[in-house]
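**Student:** For reference, the chains in residue letters:
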Amino acid sequence: MMTLRRLLWREILHRRLHFAGCVLAVAAAVACCAGTVLLLRSFDLQTESILADKRQASADAWAQFQDEMRKDMLKLGFNLMILHREHNLSDPEAQARTLSEDYAQKLAQAKPNTINHVLPFLQQKFWWPERNRWVTLMGTTGEVYIKSSQQKPMLQAVPQGGAILGYAIHKGLALAEGDMIEIDKRTFRVRQCLPKRGFDEDERVYVPLRAAQEMLKRPAQITGILAVNCHCGDPEDLLNIRSEVARVLPDTQVIEHHSKLLARAEVRSKSAREADREIERQAATRAELRRSRLSYGALLVPLGALGGAIILALLTFENVNRRRMEIGILMALGLTGGRIQAVFLAKAGVSALVGALAGYAAALAGVATWAPGAGGLAALAEPVLPLACAGGAILLSLAASWAPAQLAAGMDPAVVLLQEGA
Amino acid sequence: MVVTGSDLVRTYGQGDRTVRALDRVSLAADAGEFVVVRGPSGCGKTTLLLTLGGLLAPQGGHVELAGQDPYALSPQRRAELRATQVGFVFQQFYLVPYLSVRDNVLCAALAAGNASHAQRRADELIEQMGLTSRRDHRPGELSTGEKQRTALARAMLNRPPLLLADEPTGNLDEASAQAVMDALRQYAASGAAVVLVTHDPRWDRQAGRTVRMEYGRVVE
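Chain order of the listed sequences is A and B.
Okay, so the first sequence: first residue is 47 according to my numbering, each after it adds one.
Okay, so the second sequence: first residue is 35 according to my numbering, each after it adds one.
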C-alpha cells in the first residue's frame, strides 16, 4: 500500500545522510538545551549537598561545643567582679572609684538567674603604720543572700574584731591565728592565716567592712561586688551576663575572673560565627558561579537552538531543491500542495523525535561525565525534561522546515516539469 | 469530448524575447481517440499538453476537461481533477528514484485515493508492461524502456479518461518504443482519449488523427 508514510520512510532510507544531518542538527540543539538544564540542576544539587553537609557539620560542632561548655561551667562556675564604670583597672595605684554599699542589696534583690553568691567588698592599698609596710586592706561583710538566709554561704564574713591575713603578711610578720594585731590604732585578733594563693591576694589583710570603711574614710562605700560561682547553662548566657548586670546596676563594669573560660567561649563562638560566615560566603560564591553558568546557558541555549534551526532549514531547503522533479510529478499526478507540505513537515517531525532522543542521551552522557554522581540525580529531578525536549525539538523542526515546506507546496508543477525536461 | 482546448494562447518571456508557444490553438480528443500532435522541437507541443492536462493555465482561450474548466477550479480541486481524469507520461519518465517499480506505479493512487483497487490494478499493469520481474527494482536498476513502461503503468493506474504522453519514445530503442506505442494504442482502444505529442513521423500511421504544429500554431 502506497501512503505518504511509506513515501516518507522510503525517502529517509534513501537519503540517509541527509536525514542524519537533520537528526544531528536537532540533537545538537537539544543537547545544548538539555545539557545546560541538567548541568545547572546537578550544580544546584551539588551545592545543596555541600552546603547542607557544612551546615550540619557546623551545627554538630556548635552543639558539641555547647555541651562541653555546659559541662565545664557546671563543674567550674566562674566569678565576676562588678566595679565602678570608671575604676581604672590598668593602674592599681590609682584611687579607686567606689560604689554605694546598697548596690550589693540591689543586685541580690534582682535575683539574677545566673549569679548564686554576692559579696560586697572595699579594697585599697593601705599603709600599716604599726608594721611599717604597705598592705591591701580588704573589708568584707560576708555574703548578701540572694535566695534566703538559709542559703549555704559561699564565704563567711570576717567576725567583728577579727582579721584574716594573706600568706605574705602572716609569713612575713610571723603571725599566727589567735595573735592580737593593731592596725591604725585598732585592735584585731588574727582569725585565720590563709595559704599561699599567689598574686596580690597574699598581700591582703581582711577585716570587717565597717572597720575598713572607717579606716579608709569611705563610709557606706564599697569598691565592688564579687559575684561568685556563676553557673550558665549556655555559653551565650555567659556572654550576656554583663548586659544583665548592667541593667540592674548602672554605671558599673563587669570583669570576669575566669577569663580563660570566657575567652574560650568567645573564641569558639567566634569560630562558629566564622564557620557560618564561611558557609554563607561559599553559598554566595556558588550562587555567583551559578549566575555565571546561567548567563552562559542563556547564551548557549538560544544559540544552540538557533544554530540547529538554521542548519535544519538549510538541509530542508536542500532537500526540497533536490526533490523538485519528484514534487513536480507528484503534483502533476494530483497531489495537493498541502500534502506535499505535510511530507516535508512529517520528515521534520521524525528527525525532531529521533534528534531529541539522541540529543537528550548526549546531554545525559555529558552531565554524567562533567558532573558524576549528581548527573543521574539531576536527570531524575527533571522528569518532564525529556518530554519538553521532544516537544521543543518538534516545534523547532517544524518552524525551521516551515518555509522550505511552503516553498515545496507552492511549486508550480508545470514550471518544474518544463525546467526539468529542458 | 474528454478534453477540448479552444483558441489557446500561451507566451513565454517579455518584450522582444516573447515566444508565442500557443497561438490560438484548438484541439479536442474524444473517448477512444488516439491523437498524435507532431511538430519540431519548440513548436509548443509540450505546452499544449500541459495546458490540456490542467497543469499550465492558458493566457487566452478555454479548456474543458471532463466537462469542467480546470483553471476555474481551486488549486486543490484542480489537483483532484488531474488525479482522477488525467494520466501523464513524459520523455524523462520522472520516476521517484527511491521507490520500487510497484511503488512508483502506486504513486498515482496517492492522490486519487482508490487504494484498495490500486494494488491489484498496479500488479495487472506491471504484468501487462512485462515488468513483473522488476517490480521491486528501483528506477536506477531499470533500462530506459523499463522506466518508460513503469511511467506508463503509473499514468494508467487510475484509468484516467485522458492520457497525455509527451515524447514517450524519445529516449527508447525501436523495440521499446514500439512496446510503448502498442500500450498507448491499446489504452485508447479501451475507451480513453490519448494525446501523444512527438516530433517523430513514424507514429502518424498508428494514430487515429494527426495534428501538425509549427511555431505555436496548428498547421494541418
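Read the hints as simulated data drawn from the structure, not as lab findings.
This structure is a prediction, so every number in the text was calculated from the model and none was measured.
Careful, some of the hints might be misleading.
Said to hold, decoys possible - Ranges of calculated distance between the beta carbons of each label pair, as one might list FRET restraints: (1) 174(B) <-> 448(A): 41 to 47 Å; (2) 107(B) <-> 367(A): 38 to 44 Å; (3) 60(A) <-> 66(B): 19 to 25 Å; (4) 91(B) <-> 364(A): 39 to 45 Å; (5) 107(B) <-> 466(A): 53 to 59 Å.
Stated by the list, open to error - Sample of chain A residues facing chain B (criterion: CB under 10 Å; computed from the structure): (6) 53; (7) 179; (8) 263; (9) 367; (10) 371; (11) 376; (12) 381; (13) 384; (14) 436; (15) 458.
For glycine and all other residues, C-beta sits at the position ideal for the given N, C-alpha and C.
**Student:** It remains to establish, for every hint, whether it holds in the given structure.
**Tutor:** Comparing the hints with the structure gives:
1. Distance hint check for residue 174(B) and residue 448(A): the Cβ-Cβ separation is about 32 Å, which falls outside the suggested range of 41 to 47 Å.
2. Between residue 107(B) and residue 367(A), the C-beta spacing of about 29 Å breaks the proposed range 38 to 44 Å.
3. Taken as a hint, the range 19 to 25 Å is violated for the pair residue 60(A) and residue 66(B), whose Cβ atoms sit roughly 40 Å apart.
4. Between residue 91(B) and residue 364(A) the C-beta distance comes to about 30 Å, which lies outside the given range of 39 to 45 Å.
5. At about 25 Å, the CB distance of residue 107(B) to residue 466(A) disagrees with the hint of 53 to 59 Å.
6. Residue-level restraint check for residue 53(A) holds (minimum Cβ-Cβ distance to chain B is 7 Å; threshold 10 Å).
7. Using the Cβ-Cβ criterion of 10 Å, the hint placing residue 179(A) at the interface with chain B is not satisfied: the shortest such distance is roughly 123 Å.
8. Given hint, residue 263(A) at the interface with chain B, is violated; its Cβ is 122 Å from that chain's nearest Cβ, farther than 10 Å.
9. At its closest, the beta carbon of residue 367(A) sits 15 Å from a beta carbon of chain B; the interface hint therefore is violated under the 10 Å criterion.
10. With a cut of 10 Å, the hint placing residue 371(A) at the interface with chain B holds, because the nearest CB-to-CB distance is about 6 Å.
11. Nearest Cβ of chain B to the Cβ of residue 376(A): about 7 Å, under the 10 Å cut. The hint holds.
12. Residue-level restraint check for residue 381(A) holds (minimum Cβ-Cβ distance to chain B is 5 Å; threshold 10 Å).
13. Below 10 Å, beta-carbon pairs count as interface contacts, and residue 384(A) has one with chain B at about 7 Å; its hint therefore holds.
14. For residue 436(A), the interface hint is violated, the least distance from its beta-carbon to any beta-carbon of chain B being 27 Å, above 10 Å.
15. Restraint check, residue 458(A) versus chain B: the minimum CB separation of about 8 Å is within 10 Å; hint holds.
Going down the numbered hints, you'll see the structure goes against 1, 2, 3, 4, 5, 7, 8, 9 and 14, while the others check out.
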